[in-house]
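**Q** Generate the whole structure from the sequences, applying the supplied hints.
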Amino acid sequence: MSNMDRRTLVRGSLAAMMAGAAFSRAAFAQSSEPILLGVSGPLTGPNAQYGTQWKQGFDLALDEIQAAGGINGRKLAYSFEDSQSDPRQSVAIAQKFVSDSRIVMELGDFSSPASMAASPIYQRGGLVQFGFTNSHPDFTKGGDFMWSTSVSQADEQPLLAQYAVKRLGLKKLAVLHLNTDWGRTSRDYFVKAAKEYGADVAITEGYIAEERDFRSTLVRVRDANPDGLILISYYSDGALIARQARQVGLKQTICAASSVYSPKFLELGGEAVEDVHLGTRYFPEDPRPEVQKFIAGFKKKYNGQEPDAFNAYAYDAMNMAAAVVKIGGTDRRAIRDAFPKVKDVSSVIFGTATFDVETRRVKGAMNAELVVRKGQFALWDGKPT
Amino acid sequence: MASWLDYTINGLIVGNVYALVAVGLALIFGVSRLINFAQGSIYLVGAYIGWVAVVQLHTPLPLTIVVVAVAAALVGLIIERLGLRPLQNSARIAPLLATIGISFVLDQLVMLTFSPNPRALPSQLPDVRFQVGNGTIGLLDLLIAGVGLTSALLLFVFLRYSKLGWAVRATAQDRDAAMQMGVDVNRVNQAVFGIAAALGGVSGMLVGMYYNQIDTAMSLQATLKGVVAEVVGGAGNVPGAVVGSLLLGLVESYGVAVFGTSYRNLFAFLLLVLVLVLRPNGLFASARQAPPEPLTGTFIAPSRPLRIPRWALAVAVGGFAILPLFPVSFYVLQTLINAWLLGMLALSLTLVAGTIGQVSLGHAALLAIGAYTSALLSLSLSVPVGLAVIAGGLMSAALGTTLISPSFRLRGHYVSIATLAIGEIVSLVILNWESVTRGPIGISGIPPLSLFGYDLISASSVYWFSFAVMVVLALLQGRLLTSHLGRSFRAIRDDDIAARAYGLSLNRYKSLAFIFGGFAAGVSGAIAAHLYSYINHETFNTQQSILALTVVILGGLGNVVGAILGSVALVGLPEVFRIAAEYRILIYGIVLLLLVRFRPQGLLGTI
Amino acid sequence: MAEQNAPMLSVRGLTRRFGGLTAVDAIDLDLARGELVSIIGPNGAGKTTLFNLVTGHDRPDAGEVRLEGRDITGLLPETLAGQGIARTFQLGRVFGNLSVMDNVLIGAHTRLRAVKPAVPVIGPLLELGLALLRPASVRAEEERLREEVKVILARFGERLLPRIDQPAYSLSYANRRRVEIARALALKPRLLLLDEPTAGMNPTETAEMQALVAELKAEGLTILLIEHKLEMVMRLSDRVMVMDEGKKIAEGLGEDVRNDPKVIEAYLGHGLSRSEDEQETAA
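Protein chains in written order, with the UniProt record's numbering: chain Y, 1 to 385; chain W, 1 to 607; chain C, 1 to 283.
Please keep in mind that the hints were generated in silico from the structure rather than gathered at the bench. There's no promise every hint is true.
[Said to hold, decoys possible] Label pairs and their computed distance ranges (CB to CB): (1) P120/C <-> V317/W: 22 to 30 Å; (2) L313/W <-> A140/C: 26 to 34 Å; (3) D227/Y <-> W4/W: 22 to 30 Å; (4) V258/W <-> Q66/Y: 55 to 63 Å; (5) D356/Y <-> T136/W: 43 to 51 Å; (6) R111/C <-> D176/W: 21 to 29 Å.
In this text, all values refer to a predicted model and were calculated from it rather than measured experimentally. Cβ atoms here follow ideal geometry from the backbone N, Cα and C, with glycine treated the same way.
**A** The structure is reproduced here in structure tokens:
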């Protein structure tokens, strides 16, 4: 960072702090209006399920934030605009949020095309775009208003490779991945790490998100003769692959990325996902208080439903937003400048989250090595399957 | 060797799944000459009714099947009565659009009722599996095959030997003649929709059980694959649909075997295009059989266009031109920028679909070609953005026309299906041709729009730029329509046989229409690429193509002003309905249905 | 190539089969310049199929077609239009959404020169460019053709001229048939094929049409006519060819053919023929 930049930054943040302080005191007394965050995400269209899961995570976090007195006495709230994860709509939403002076920062969008199309508008409009599921390596390169808590695949995939190669002892791998920017980036990081750990990657197969039938793909996999299958999948396609793998007679160990971590994976996969290994960022028996609070709170709020990874991402994102707004106040630039200042925010995914100023991402996601046993996620006991 | 047996079995298994949808589609096409884009939605509805029966009511399998069949048949009857029967005497494009509208409505209703989360639909059959080759097949595979084959056989027998079946076939051959001979055509249609819907519902349920998973996205995929299988087998041919489905399954499976998973759909759609080009009536029709579309131009309704006085247009253009000078929010400007970009696409589509009658469902491919060309030229070769955008338009004109040219000899619905396939093919090539397109990672960091060295970044400057480009394209297109080409295009649309008799070469004039239209669409895609700064293979998708077609119908086919008006309406309305959040696609579907029903010629009329 | 003395149209052994049915069975036919030949025969005799084969809308299974001595068998309809063959259609095929003026202008399409330069490969692109730019030569050509169209329409008296800007779908049935014939005339054909030009017309309209065809013949146009109204056939034709079940069963002067027992049998054998049928209703 150049001197010039640092000076501006310091001056900016000083001003922001002062403004923030003054503002919050004033707000305390007079404003009952909530502090408003904009959310751009899919509520309809092919990715609608993820928007719904976001809402659950957000609402739970907000309940807790409100119960704890809100942000310096003011409530925190969000305005969710349905983008269908379509770039045309996300850019319009971006302009809407940028023009709406009540919005102090933005969360989303879900997919990289939708998020990154909107980035130039947020950057120029000076509104933070907090893309908490955007793992695309170029997302935060869009400008200094782009921040993300999405676990970097550069961090996650070596952990998965370590689990598969070092811990499970797999030597010859077949990698199946969603052929999206996320799946592709993940695959590349995984393959690189797995090779470094000394495994051989016999075959990689990319499939499109709408795919339902994997039997022929799995025959290809079988012919490559691997001793383990790596799934870089979401829970629905991961469950389908696991089921069909058993049907075509593949009995190899399956090891999946954390994105399959969802009760739905167990429900959709049934017996076929028994003994599937997966790395996750948290798991129910994790004694960490933030995890226990999240899971207990979630189950209480949603009739006993188990939370999944996307619920957790959203929950963390809202808590992070609250922490940032607490420091930055309601000034948009001050909020941007507050991101590097938040330290050790309690997080389900990271334990404690602190941003790396260079990459504008968070490093050091938690890692738990799980396996499905008797239809439940359990911590792996080190026994081979 | 053993693997090939496995690939074959897998191909047949998935072909079985396609057959369940294709048979229903074939039955409906056989009678009403209609490709029912709502068949996948009935399949979806069946799957969720099955879920309610199995998971909530714990019905045994035979009862589940009956419940689903009856409920789905009811849905089919309602669709026929409310959605399609009122359109009997309108242009043939109307019911096609109505089925698209119906599918929006049904999919959204299911999503709102059951939430978009996928659900498990446990199979009610014992998990007995048989070893075949190195893999296994289960009872459910056999049940699906059984249902597919028996229903095809039953339908075949029904059509051949029963009185109602005779009436169905008579209606399929010649509706008017059948009516004169005392066939109650409405009753026939009801019977057909009821049967097809029952079959569709049961298949959705069975396929849901097969994968132990149902979700709202399954509808569109089912329709797509079903349509491909049906057309391959010969539209309207019930046994052909089964064979077409199995063939499609095999081609996909072997495609995966040889080239890998991400090429799978590429083979499905290439098979479709190949069949359409070589044997447009399907594999089992005789090559020289007359084309199945009507011989006179009744695909598009005659209408008298609404003439808008020039001064009014000038005032409107002037008004929109000075809009950014007023204190309007950037959100309004951005929404209008979207409208202008969609407007360029709609201009392109209204020319090829409206003026020359090639109803394209793959128009987003032209956007993608323009966008990638311009993005790559400006990024890799540092071509100035202004020039790159023009190059994008030219590339889209050239490449798009070349790709679509195999469909020039087709008519009516077949053009739509071929272009749909070509659109998918372009998207899949972009996904797989990584060395050029960067595959799924997409292209990021695309430079912003610029003109003569000045970056156009502010909302107003982008607004003015896109508005100016659209107005210029619209003026050019208006000029084209008043030239001899305009009347030649329209003559080909109204009656291509008579047009050929007067020396109009279909290839030549359809090419010219696609060249001109391709340029406009390519420019639109290119501008979008520089505006978004990031594109990938999903940025320009089928939904975009369908949206553009809706715009064109809304504005009036071939109508330049209508295309722009339609774009403003269809970009604006969903924004207005934002307040309705989850309900807005439902509202959109209903608006589309009402439009097709009450103003099929569009707001401003066909030109 | 084109021989001066070759007949305008010469058909030899022309055959077209549909499955088991031979729709046109080894037909021979010659048409001299300026001659008007009528083809009659019961429904399903193969008359329209023969037209389709001559005009390129269908390809024969055997036989050949020559235009002024040149082999044109199996050429595309758009090519044949360029060589001066114009036709009308049995069921009427006007361009419904086009105005009367535009319908007839399409007839003159093959005569466009200024806007359709005969340059290989880039010709179509030049055509697009010229259509948009419209230099003086193109404007003049268009203007000239429009004037020509008005002259052609004037041949139909006040039937079409007042409706020149109306879309064709709004016209009466008889007027649509007139538009079709006007469109064919705009091509300036060397050979005109008329497929039942008076179908569905009342006696007055039929008489008008008959007068028009007679006029065209007097102007030296070579005409092949399919017609059911025997009265008109007898008045106009130089020769008459009779078809039944794809075969030529008689050919010659009108009176001779009319009294040919084979012809009578063909008509009677098929029950009440449509020509009598129609004449009754028309009367």
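**Q** Which of the listed hints are broken here?
**A** Violated hints (numbers, rising): 1 and 6; every other hint is consistent with the structure.
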